[in-house]
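Work the whole structure out from these sequences, hints included.
Protein chains: 2
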Amino acid sequence: MRTRKHKNMSLLKQAALGGIASDLTIKNVNLFNVITGEIYPVEVDVCDGFIVRVREEGQQQKIASKSYYDGQGNYLVPGFIDTHVHVESTMMIPENLSRAILPWGTTTICTDPHEIGNVMGVEGIKFMLENAKNSKLRQYVLAPSCVPAVVGLEEAGAAFTSKEVAELLDMDDVVGIAEVMDYVNVIHDEKRMHDIVEEGIKRNMFLQGHCPHLMDEGLAAYLVGGPNTCHESATAKEVKQKIRNGMHINLRSSSLGDGSKQIAEGLKGNEYYDFVSICTDDVHAKDLLTVGHINHVIEKYIEAGLDGKALYKMATLNAAREYGFNDLGAIAPGYIADMQIVKALDGSCPVAVFVEGQLVGENGKYVALDKLEESFDFPNTVNIPQLNSADDFKLYVPEGYSKDTIMVNVMVSSPMFKGLRHVEPMELPVKNGAVDISGDESLIFVCNANRYGTGNKTIAVYKDLGLHEGALASTIAHDSHNMNIVYKRAEDGYLCAKKLKECSGGICIVKDGKANLIELPIAGLMSQKPCAEISKQIEEVQKILATIADSDVHVLSTAVMSLTVIPGIVISDLGLVDGVTQSFVSVFTQ
Amino acid sequence: MRTRKHKNMSLLKQAALGGIASDLTIKNVNLFNVITGEIYPVEVDVCDGFIVRVREEGQQQKIASKSYYDGQGNYLVPGFIDTHVHVESTMMIPENLSRAILPWGTTTICTDPHEIGNVMGVEGIKFMLENAKNSKLRQYVLAPSCVPAVVGLEEAGAAFTSKEVAELLDMDDVVGIAEVMDYVNVIHDEKRMHDIVEEGIKRNMFLQGHCPHLMDEGLAAYLVGGPNTCHESATAKEVKQKIRNGMHINLRSSSLGDGSKQIAEGLKGNEYYDFVSICTDDVHAKDLLTVGHINHVIEKYIEAGLDGKALYKMATLNAAREYGFNDLGAIAPGYIADMQIVKALDGSCPVAVFVEGQLVGENGKYVALDKLEESFDFPNTVNIPQLNSADDFKLYVPEGYSKDTIMVNVMVSSPMFKGLRHVEPMELPVKNGAVDISGDESLIFVCNANRYGTGNKTIAVYKDLGLHEGALASTIAHDSHNMNIVYKRAEDGYLCAKKLKECSGGICIVKDGKANLIELPIAGLMSQKPCAEISKQIEEVQKILATIADSDVHVLSTAVMSLTVIPGIVISDLGLVDGVTQSFVSVFTQ
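Residue numbers (numbering that gives the first Met the number 0), protein chains in the order written: chain A, 0 to 589; chain B, 0 to 589.
Just so you know, the hints here were simulated from the structure itself, not pulled from any lab data. Even glycine gets a Cβ: it sits at the ideal position worked out from N, Cα and C. Each hint can be trusted.
Computed Cβ-Cβ distance ranges for the label pairs, DEER-style:
1. B:Q261 - A:Q59: 23 to 29 Å
2. B:G304 - A:K370: 53 to 59 Å
3. A:P424 - B:G36: 53 to 59 Å
4. B:Q261 - A:P40: 22 to 28 Å
5. A:E532 - B:Q59: 56 to 62 Å
6. B:D169 - A:E189: 31 to 37 Å
7. B:G36 - A:Q59: 36 to 42 Å
8. B:Q261 - A:M170: 46 to 52 Å
9. A:Q59 - B:D549: 43 to 49 Å
10. B:D47 - A:M170: 30 to 36 Å
11. B:E270 - A:H212: 32 to 38 Å
12. B:D390 - A:Q59: 55 to 61 Å
13. B:P566 - A:D69: 39 to 45 Å
What follows is the structure, encoded as C-alpha cells:
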C-alpha cells in the first residue's frame, strides 16, 4: 500500500525534473542505501513531503531549493518503523508519545491499542486514531484481535467479535489485525478466532502473530491459519524454527525485558534477513527519556552480535515490506521524506530527524513548532459500585464454613511479583466472619475488581508479595484493566479505590493512611502529561513505595497480576484463573 | 495479497497438526530456504494444494500421507515466478504455454497481454484470462498501459484510456498495470497516462515500469509518478542508478537479446538484492523446447558472475514480494505448494516440478494428465479492404509529381533488419504511374496495412533489407500488429495478404509464386498448436526464407519494423514515423 494517498503528482514530477524549487535539500550526507547496502555521498531534494531526487556526485540542481540542511558528513538513513508497540504502555497519549519518540529517529509506529480496546472498545481506539492525527509521528493502528484476552475467564470493558474487528479494519489508518495472541484457538480453528482472522484475510490485510514457545506442528497450524509474524520468541531454537517456516521475526527489547541474546543466537547461520524487523512492544516513559526507542533495540542487538547496517535495514525497509508499505522505509524518489541523520550506524541518538521533510528532532530534542492540545474532557472509566466501604475489601467466609479457621488457597510463588504463582492450601483464622491475616507478616490481600460496572470482584490471599504495609493499587492490569488492589488493611485498600475512582484511574500508593497518586485519567491507562513529567511522577511515587516494599516491587507490579494467558494462576474479576487449564481455582478449599 | 483466496483453513490446520493424512509428502530433499539462505534436509507435507508442514530431521509424521515423492537427495526450491512476459511472443495460447513452460520449473507468470490488447482490446485480454484457466500454470495478467504504443502515429485494433484499464484492473487475476512504456508522458504528466497510472495507484496495485536509457531527473520524475520496476536497462551505469533509486530490477535474457553482462555489472558492489527479480519478456517456442525459460536466464546470469543461490531467491521470493504475493515464492506452511526439485542451483532442467502439490513436470517432460481443449472458433481479426489486388501494392506517384522520375525518401540503415533506420532522398524511375524499383537490386517495397478495417496503408521503399526475391509478410508487427508485407513484385505482396486474410493471420513467405504459411489464427498472433509443432513449422518456413534472403533475415524480422517508440524511423499504417520527434516523415520528397 501507499501510505500517503494524496500526493500532487504533477508538482512532485516538476520538482524532480528541476522545473520548480524543492522545499528542502539535505546536503553533505552519506546515504546508507538500505536497498543496495552501499554508502555514498548524496544530496536529497524534498517537495511536498516526498523525496523527489537523490542526487549523487556530479548531479547538480537546476534550480535552488527553498531551504538547505547541512548533514556535516554524517549518515542519512530512513526513519525507523516500529512494527509492534502498545502506546498505552508509555502512559502517554499518542500526541505526546510523538514528541518523545521522534527525536530518537522513529517516524512510524504500528500500534496495537488493545489496552484501551479492553477498557473502552471501539470508541477507545477511535480516540487513539483521532489523537494520533495531532502528531507528526506516523501512527498506524492494528485492530486488536483478543479483547478480552480469554473469553469467560475475565470481563473487560468490551468484548470484540469479528464484527468489531471488521468495523475497525474499515477505518482509515487501520492496517491489519494486531498480535493474534490466542494461538490455541487459531490452531484448533475455534469459530470466534477463525472469524476474526478471516476479516483480515478477506481484506488482504496484515496479520500480526504472537506465539511464545510455539513450535513444530502447532507452529505450522498457526502459520497456515494466517498470522505470520512473532515478537515473542523465548529461545534461539524457537527463533530458528519460526523464521525457517516463513515467520517474520520482530526483534524486540522492551522495558519489560530483553531477549536479544537468544534471538540473535537463533538467527546465526542465516544468509538473508529479509524477514526480520524491529519492535519495542512496551516502553516506559523513563526509557524514552534516557535510552530511546528503536535505536536502543538496535544497540542491544549490536551487543548481541548482529551487524549494525543490517539492523538499520531491518528497522526501515524490512519493516515497511513486512507491512506492505511501498513508499516508506527507503530514501528514493517517490518515498515519503521520513529520514534521520546519524553519526554512526550504532543506535546512538540522531543528529536530526525529519518527518515529511520537516525537521522534528535535533540531538534528542523535539523541535517541531506545534502546540500541545489543550487538556480535554475524557469520560471516567472507573465504575466500581462493589467497592463502597472498607468492608467491601474483607474476605468474608461463605456460609457453611467454620467460623474459627478456614482453609484458603494461598497464592504462592518466588518472592518476585513477576514469578508464576500456584496455590497452596493454608489454614487461616477467621475474625468477625472474615479471613484474618494479621498474624502472618508474609500474607497480604489482593482484590481484583471489575471496573466497568458489573459489580464483580475477587479477593484472595497472597504470600510474599513484598509489600509490607499500606496498599498499592492500579487501574492498569493487563489485559482487561480491571482494578488490582494489594493491601494489608481493608481501610487502605478502600482508600486506594476511592482515590482512583475520583481521579478517573491511575496508580495509588497508600502509606501511613495517605494516598499518593499517579493520575491516568485517559481510560485509567494514560496521562495527558508529557514524557518528562510522567517519568518524574513515577519516580517520586516509586520512592515512597520503596519505603514500604521490597526493592523489586514497582508501581507497575500489579499490572501483570491478572494476565489470564500466562502459564500460572492469576486473579481476575471472576475468580482465580489457571492459565494452563483455562479454568477457575476456588479461593477457599477443604 | 494472498494468491489463492479460498482455502479450507480447517482442513489445512488439521493436516498441519497431523490429525488427518496429507495428500503428498516430498521426502529425501535438501531445502534451499530462500528466506534464510540455509540448505538442510526436510520432508514437506502438502494438503489441498498448500504446504502444511516442512519437517526437519527428528520431526516425524503422526499419520502417513496419501502419497510420497522421493527427491533422491536433490534440492527443493520454490517454483519460479516470471515477473514480466508476453505470452503472445511464444505464438502459443496460454494453455499450451503452460505445458511448455512448467517442466522448466516456472510455475507462475505475470503476463502483459498488450499484443492481443492492441489487436482485440479488452475482449482479447478476456480470452487470455479464460484460456489460462485451463492451465496448471499460474497466470496473472497486468492491464496493458500503452495500447496503442503511441496515440496518433498508428491505429491498432483498440485504444485504451483509463476506462479500459480500470475495467481490466477490476477483473479476477489482474494484478496491476503492465510495463508503462510511455515514460515521456508519465514524466510530463500528460493527462491520459496520468489517468491510467492513477487507476492502479488508487487500487494500491502493482505498477510495472519500462524505461530504457532513462536516468537522472527523468528517472526521478518517472519513479515519483508511480512505476517502480524496469526490465529494460541497457547499461551497467543505468542499472546501478535505477536500483539505488528504488527501482526493482528485473533481470532479463530473452530470445530477442541478452543483456546479462551489463546488468550484472551494474549490480556489482551491492550487498542486498531484495529489489532484483527475473523475467523473460519475449521467448520463442524453439528456446522453450531447447534451453528453457527462467532457468535459462539464471544460467546466463551465473555466467555473468551472479551467485546461483541468490538467483534462485530472486526468481522466487523476491519476485513474489515485488508483486506483494505473500503465499508464493517460498516453501513454508501456508504457502501454495508450487515447488521444483533440482540437481544443482545452476539453472539446469528440474528433476520434478509440482503445482499445488501435483506433479506436472519430470526431467523436462510435461506429465500432468490433462487434455488439450478441442480446437475452438476464433474471430478472424484480419480486415484489409484496402488490399484487394496486386495494384494495391504499387507505390503510385501522387498528382502533381513528374511522370518520369520521383524523389523518394528511401529507408536506409545498416544491413541488419534490426538496425535503426533513417531516410535518404533517392531519385527513382516511375512506370505506369508507380515507383519502379526493378532497376536496383538493393531496393524493396514495404507495405504496412491497417488490419482492423480502417483501410489505411503506407507503402515505402527500403534499401538493403536482405530479401532478394519473393515476399515476406506477417500480422505480427509490434505493437499495433497491423500487417507488414515486404515484396519486390506487387503480385507477391498481394499473395501474402490474400493468404494471411484467408487463414486469419500469421506469417507468409512467397517464393516462386508459392505461399508458405505459419498460420496464427488466434488474433493473428498465436497458434493453437503445441510448442514442438510451432517450433518445427517455424524452422521449415525459415529454411525456405533462407533460400531467398540473407542469413540474418528471420520469419519474425517484419515484427519490429513498426515499433513507433524506437529512436529511428519506422513504418505505420498512417505513414513513416520518426520515433525521436514522434512525427511523420513523408514518403516522397522534393
